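There are 2 protein chains.
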Amino acid sequence: MNIIETIPQMQEVRKTLPEPVGFVPTMGYLHEGHISLVRKAKEENASVIVSIFVNPTQFGHNEDFEKYPRDMEGDIELLEEEGVDAVFAPEADEIYPKDFSSRVEVIGITQKLEGNCRPGHFRGVTTVVNKLFNIVGPDRAYFGQKDAQQAIVINKMVKDLNMNVDVVTCPTIREEDGLAMSSRNVYLKPEDRQSATVLYRSLMLANDLYEQGERNAETIREEMVRLIKTEELARIDYVSVADPLTLDELNEIQGKALVSLAVKIYKTRLIDNVILG
Amino acid sequence: MNIIETIPQMQEVRKTLPEPVGFVPTMGYLHEGHISLVRKAKEENASVIVSIFVNPTQFGHNEDFEKYPRDMEGDIELLEEEGVDAVFAPEADEIYPKDFSSRVEVIGITQKLEGNCRPGHFRGVTTVVNKLFNIVGPDRAYFGQKDAQQAIVINKMVKDLNMNVDVVTCPTIREEDGLAMSSRNVYLKPEDRQSATVLYRSLMLANDLYEQGERNAETIREEMVRLIKTEELARIDYVSVADPLTLDELNEIQGKALVSLAVKIYKTRLIDNVILG
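Residue numbers (our numbering), protein chains in the order written: chain A, 1 to 277; chain B, 1001 to 1277.
By construction, these hints were calculated from the structure, which means they are not laboratory data.
Predicted model only: the values in this text are computed from it and were never measured.
One or more hints might be untrue.
[Claimed, not checked] As a list, the in silico DSSO-like pairs of lysine-lysine whose alpha-carbon atoms are at most 30 Å apart:
1. A:LYS15 x B:LYS1040
2. A:LYS159 x B:LYS1015
3. B:LYS1015 x A:LYS40
[As the list claims (entries may be wrong)] Okay, the calculated bits of chain A under chain B, using three or more residues with CB under 8 Å as the criterion:
4. 107 to 116
5. 132 to 142
6. 150 to 162
For every residue, glycine included, the Cβ atom is placed at its ideal position computed from N, Cα and C.
Could you build all of it, start to finish, from the sequences and the hints given here?
Right, here's the structure in full:
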């Protein structure tokens, strides 16, 4: 397995890999969610490249960039086991040299939900993913449904800018109790861990209400909020029942609905979602 | 010669063309300047694609988008004579469908000179050129030195976003009296035409001063302004002696200097430039 730190070297290795090439961009500290993306990429492509890059520009000033968990050695071991062809793990100044001054933005949908709570977050995401796609030149790129809005935004960028990449979104992988896999779960203290299941429980409640015929989005939001508030450690950033394309909040659910939420469990901010319909 | 109006068709044709592929993006109404780019592209590549697209997003509200000169038939005839392989001439809604909401921006250098006079102009340019590069997939793309800042901005976008295109900048082509070739020259009324040469004359004055040893940038700007003001019809937007990479105005010329200006001759806004050093 090639472990690559520079852009020119990545471009050279890329030329030698059998096509089609699948690409899994990550921030490392890999868990089963990432591995499920790698396996899907292996299934569908002749070669697989994984990037590990904790992208500073998608973190806000008060966010967890500095303490974001890292484990390059463990990650490389896991990817080696999966038969990945190349790992692209650049330093920040390789991606953002001193005079770097460009940006790629999707407007509109990036102002909502996560974008509303984390201004500039998606500009950081689209800019780095645009660069990674250009550097790696994949045929397909794999993202997790756990970051639903991220997948929607990247799909929009690819479509709007006519990038030659198929974006594949893969199901959320969960712990046995429903907690969505996330590198940030490592922040959860033992006393937070049980409370953290409230995200999934509230999504299941939404799903149950929907299955029982409830189509009023506000009722679903209210019931979710009520449940989450029973957890003392939980602080809600948002609870949303929205159109899966425009991310506009719905009144009445007619077609599909993206039910998503961001909740702080003590100091750890978690997100999760399901699609109804 | 293929004349192509849709993105999928362009992508199909692209696959059939021998590589390397040279690309000349234009807004049509072709003149000898454009043709010089096409010939350079022919020299250096196995195939040549030219786009003709008057990009609405790079025009300001009070600018000349509506009346920008167009001559598709004449253009196609010229390109056929030059042995171009494909002309990509989409309608605006092919490039910008109704829900289009992405943008590509270079910051910093786009706030100066043309960017200062034409807010949003370069965002329109970088976004459309980014799309065209992704659609056409060229190995090399050709731009004229007449739009010096545009060439600098596109180079910066390509470098920052790691796009796999070589940007080639070709010399300005001029009329016998020095007027830089431009589609907008068609706006010049006979009584403006002689006045319009003041742009080139002021650049030659700058060049002469430099050759005589003048290194004070402000002296050069002042002498250029003095000359331009002898033309009654001329109204100066800017006269600049700047660093060719950062576009910061210079005090003392040490290395190279980009001398550029924008002047309105009655109602026609013209730009031109030379490099000193």
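Practice task
Examine the segment 132 to 142 of chain A for residues whose CB is less than 8 Å from any CB of chain B, and state whether their number is three or more.
Solution key: Per the Cβ count (3), the hint holds.
Exercise for the section: Measure nothing beyond the straight line between the CA atoms of LYS159 (chain A) and LYS1015 (chain B); if it is 30 Å or shorter, mark the hint as holding. Expected result: OK: LYS159 (chain A) and LYS1015 (chain B) at ~19 Å, within 30 Å.
Practice task
Measure nothing beyond the straight line between the CA atoms of LYS15 (chain A) and LYS1040 (chain B); if it is 30 Å or shorter, mark the hint as holding.
Solution key: 28 Å, holds
Exercise for the section: Please count how many residues of the segment 107 to 116 of chain A have a CB within 8 Å of a CB from chain B and say whether that reaches 3. Expected result: holds (count 3)
Problem - Given pair status - LYS40 (chain A), LYS1015 (chain B), alpha carbons within 30 Å - result: Cα-Cα ~28 Å, so holds.
Problem - Verdict on chain B covering the segment 150 to 162 of chain A, criterion of 3 CB contacts below 8 Å - result: n = 5 at 8 Å, threshold three: holds.
In this structure, every one of the numbered hints holds.
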